[in-house]
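Q: One-letter residues, chain by chain:
Number of protein chains: 6
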Amino acid sequence: MSSKQVIQVINPNTSLAMTETIGAAARAVAAGNTEILAVCPTQGVPSIEGHFDEAIAAIGVLEQIKIGREQGVCGHVIACFGDPGLLAAREMAQGPVVGIAEAAMHMATLVATRFSIVTTLPRTLIIARHLLQQYGFEHHCAALHAIDLPVLALEDGSGLAQEKVRQRCIQSIREDGCGAIVLGCGGMADLAQSLTRELGVPVIDGVTAAVKMVESLVALGLNTSKHGDLDYPIRKNLSGQFERLN
Amino acid sequence: MSSKQVIQVINPNTSLAMTETIGAAARAVAAGNTEILAVCPTQGVPSIEGHFDEAIAAIGVLEQIKIGREQGVCGHVIACFGDPGLLAAREMAQGPVVGIAEAAMHMATLVATRFSIVTTLPRTLIIARHLLQQYGFEHHCAALHAIDLPVLALEDGSGLAQEKVRQRCIQSIREDGCGAIVLGCGGMADLAQSLTRELGVPVIDGVTAAVKMVESLVALGLNTSKHGDLDYPIRKNLSGQFERLN
Amino acid sequence: MSSKQVIQVINPNTSLAMTETIGAAARAVAAGNTEILAVCPTQGVPSIEGHFDEAIAAIGVLEQIKIGREQGVCGHVIACFGDPGLLAAREMAQGPVVGIAEAAMHMATLVATRFSIVTTLPRTLIIARHLLQQYGFEHHCAALHAIDLPVLALEDGSGLAQEKVRQRCIQSIREDGCGAIVLGCGGMADLAQSLTRELGVPVIDGVTAAVKMVESLVALGLNTSKHGDLDYPIRKNLSGQFERLN
Amino acid sequence: MSSKQVIQVINPNTSLAMTETIGAAARAVAAGNTEILAVCPTQGVPSIEGHFDEAIAAIGVLEQIKIGREQGVCGHVIACFGDPGLLAAREMAQGPVVGIAEAAMHMATLVATRFSIVTTLPRTLIIARHLLQQYGFEHHCAALHAIDLPVLALEDGSGLAQEKVRQRCIQSIREDGCGAIVLGCGGMADLAQSLTRELGVPVIDGVTAAVKMVESLVALGLNTSKHGDLDYPIRKNLSGQFERLN
Amino acid sequence: MSSKQVIQVINPNTSLAMTETIGAAARAVAAGNTEILAVCPTQGVPSIEGHFDEAIAAIGVLEQIKIGREQGVCGHVIACFGDPGLLAAREMAQGPVVGIAEAAMHMATLVATRFSIVTTLPRTLIIARHLLQQYGFEHHCAALHAIDLPVLALEDGSGLAQEKVRQRCIQSIREDGCGAIVLGCGGMADLAQSLTRELGVPVIDGVTAAVKMVESLVALGLNTSKHGDLDYPIRKNLSGQFERLN
Amino acid sequence: MSSKQVIQVINPNTSLAMTETIGAAARAVAAGNTEILAVCPTQGVPSIEGHFDEAIAAIGVLEQIKIGREQGVCGHVIACFGDPGLLAAREMAQGPVVGIAEAAMHMATLVATRFSIVTTLPRTLIIARHLLQQYGFEHHCAALHAIDLPVLALEDGSGLAQEKVRQRCIQSIREDGCGAIVLGCGGMADLAQSLTRELGVPVIDGVTAAVKMVESLVALGLNTSKHGDLDYPIRKNLSGQFERLN
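Residue numbers (this note's numbering), protein chains in the order written: chain A, 1 to 246; chain B, 1 to 246; chain C, 1 to 246; chain D, 1 to 246; chain E, 1 to 246; chain F, 1 to 246.
By construction, these hints were calculated from the structure, which means they are not laboratory data. Where is the CB? At the ideal position from N, CA and C, for every residue including glycine. Hints should not be assumed to be uniformly reliable.
A few chain D residues that face chain B, going by a derived Cβ cut-off under 10 angstroms, partial list only [unchecked claim]:
1. Thr113
2. Arg114
3. His139
4. Gly177
All chains, full assembly: derive it from the sequences and hints.
A: Here it is in structure tokens:
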């Protein structure tokens, strides 16, 4: 139980500032024997705000999963609310892989009958909708909201995006008939705890939730199933830029 | 992170042997700073194999939740696969409450695309079906199976029930197109780890899963939402045998 | 067809006033050969406004079902809109058991393509939502509304709650795109007929609906199935306060 | 309660023998003050075994509804398991209209957690599937079976079809995990009671179920909602053969 | 590919003006080798605004399908947004049959993640709702709207209905979070192209969509499956007015 | 209508043989004025048999979409049964983008009430399952089957895979209660027509279906909606290997 273990927290975009925010949030909740390795791809998109961005980010996630596996990490977190590349990453990984959207949504259903989601740009709402459907939580979601600011506004130091998130949470609690809020962006990881305290309802960040989920799975000895459709990718000649994924 | 904390693991039936099995399983995965308080009601049913049994067990769960809260435990586990009294318990509790069916199902979706359930008596399958629907995991369940032995057969020392569970797991993995197995009874808690090793696929027990879930929620500062429908029960004159729930 | 028969109408809370309201409503629609036995538990909660209350009420329901069965009643109604203890009661009963929520919802789908629900406290809405899902009527429900008054306000003699129900029905008909209203509380049983007349749309009370459902099932010779998961509870040593359920 | 009332039971096909079977079954369960008016269209199809047959039958149903309304009947039953023309009939009717498929399915969910359907030709199964989806009972149906004999085989006097139904019921109870059987054809109306007795599980016929449903709705004062989409058809010049529907 | 082929476009109502509108729209998109045969029943309803109207229209559709098949058309379009008689028509037809509601909905899901529907009278919304459920597109529909004018207002020459459609489309795009609009009436067929251009989002008409769908199916050699439940109707003695459907 | 137009058919894997098979199938059904541009990525995976392969293939798809858009093609087909990168491709494209899984599934629902899917490796079944859920066709799918041979076995010239597909189709038609078969791999494109003829039921290939779908959308003037979540990707600094996607 107390032997050292490393959890790789992958920010799928290339923003170092956000990687730091995410890493710090992860460390704040990690168990004493867990070391957090916060990484991001060297190549990719600076922020993820649509399916195109996600497709690119998925490659970065896979590269990091491969590196993490070679480094012997015990599990992986995909720290973008769309969980880009999740099932592909599970194929590649030996240990557990948890996305922050799924982690936050799962946790939310344990402390409230229904939750609302507060995210960044309206165009990303469809990604959250599809995840709710895929994970089975449509009936547990009271409403989805976007503050209509881009992801990187969370890193501009002005605090404007943070204040908009806060306002939207307050309004959701009043109007949606929800018992908890899920924050819909990895860049909001540092807001969850203070909002939970201020608003008196669970405000859930996926980064921290996913770290605890991975720790839990590791403690239970539960790795990604290699029986069936999450088995390691069939060995093939990957060509060009993808060779290094071999 | 490292201050002492107590998690109350409630076996909703009155079987002391099963309470011990459950408590031992819980302790085996608990974090270093977690103390497991394994309890069961003093009054109730010796095993839970239907809705009637569950209705009775729910009262025992509520009594224990009340005691646990007064003892200052940080969270609660309901250690029967039907999660009896779960939402009522959440109303009564301050900390998080996690049922072992939901914990096992949640965990299963993180390591496999589809799981099968192996439980005891056929008549309990409907309870699992309803939970799959309520939790949102119908699409993640490949099949449900019953070994057709009562719950307490798991405590008779013969190992017969255990062997039937094992056989049913093996068959499920071969035939169901599932990547993981969820064990459908708190009394199977001690089988998960050895079956996982032997069969090479995640075999998931809800007791241990729920303990890690509660630890995770506590570490994240996430208590049961008291905003809305899981708020504390409205104070009323409970009469007769229920007075002590006041 | 014309031999005497007794239907037991169980008010799951301990309010005698409400038991009387319910009994009177039941009698007003019962067939000539049906005698209504309106009962309530001697121990329990004075009103039911959440899952905790429901868990307690379920025990009272089971006690009454047992008494009713011993008295030779032909069927049972559970007269609280959450249908507390319904499946457990079906295990225990020989004759049919019908909850008032299910009865009202079923009836509503026969006279309108979509219905709205008007109930008491907002915190009970989640119970109605879950029942809609369990019974299969999510697509038939246009909207759910709460008048934000407790159940017992319906018994305070002021008529305030009744007026709020009426207003909410009128607004629902105008705005929801529904063709019928389901009243979401046993204590509203006496309002259905006058509202139906005044508003010119079916306003459906579950108590009366359930009585007719039970009469129908009895006339058809349809008892609760004892094949499979609604079979009588497996005989066990029930301990303490639950002994009398044996 | 005891004033005379007439329920119109419409056999949507033109088989007089089947109309008689259906009428007799209806009369056997009708209340003392209910007169059963068993009718069938003068023009149409001799049996209904597909969507084409249903489309034709729907016109016959509407003609009979119009006649019934003019005769002052209190409600209508559509006695074909596909419930042909149900919503159109509700637009046309003042009183309640109940289809035998919906009646049987509703009743089945009240006495068992899951039911199986036994019907005639395989090609009619899709109609039952669609009704399950439309009525919300997909989760309550364990399996659908066809005896692979045409509807009119039930009227050929040989008893072969009846025996095949019986065999299929027995097998369903053994294998499907269901607690009740729904008979999927109006022509099976006379089998329900004896099969219920022989097999010891509820075997449900829709004709008798629908009669009791209509009686119940009438007793409750619940007519088809004329607010919204079931309002009377907008008056139009119906031309040619349809003029008489004006 | 380039041999002549005839597609029969059936306006299920008897309005010749609307048949012309529909035929013209169909011709505007038909391939060079496709001849459009725009027909309507000689007997029936002048417009379709409810289930009753649909039941009558279905007969007209079947008569036309029969005629079309005898004329050797390669496929059929049912040009009313409720797709009346669709499955019955498929039984009767050899070639493909496509309804305009399904065609428009299918197309919409190919160019947008979610679409809104704009139709005529509120009472027809339920028909669209049921089709969304039957076709599987509930999750792809953002909202349904009615302009509250009857179908034939589209043919009164005033342009009022057309302007209301346009206004409702503009509002939907602004408020619904949809990426495309589906026009919910065959009589709006001539509006799609100009609205698409003006509003800059796909505004989809089902008549034109269905014509292209039928052409596609024909080019692929895909006829209506005669294996199973869409096989030709079983030969029977159709009596009276239905004889000519034999 | 008759001006020249180019449809880009993208084989997302790098197999030139399969690209040729796909291109030939596409050309065989293309309209006279349609030129088929069959392409595949220069870098990527030789075949796609899991989520990992799909994630890589998605990048190749996006690169080709970009090239195609610059070449002025009128629309795009993604010719792999998992529709990899579909929504990302729609963001990037101006014209319509259609995946072969969605095209085949849509077409299948137009000619049969239920279809079965026959694909290659069992591990790809989960991808088809998820697409059924996402596209809304779960209820239209009777069964999913895998022949348990890898994708490239279709290109080995032995005909073994083709024969296994044929056998599986025959068995499906006999046992599944389906009216049509959907072929679950782009490499089966050349089998559809002969199997349709031999088996007498629609056997549907997505490549050809998608070509006709794109032609249809183009003829209707329907491009991918740029209003909302399928708008062009927000301009960002794509780094490293992804620069060329800018």
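Q: Each of the hints needs a verdict: does it hold here or not?
A: Here is what the structure says about each hint:
1. Thr113: holds (5 angstroms)
2. Arg114: holds (7 angstroms)
3. His139: Since chain B brings a Cβ to about 7 angstroms from His139(D), closer than 10 angstroms, the hint holds.
4. Gly177: Since chain B brings a Cβ to about 7 angstroms from Gly177(D), closer than 10 angstroms, the hint holds.
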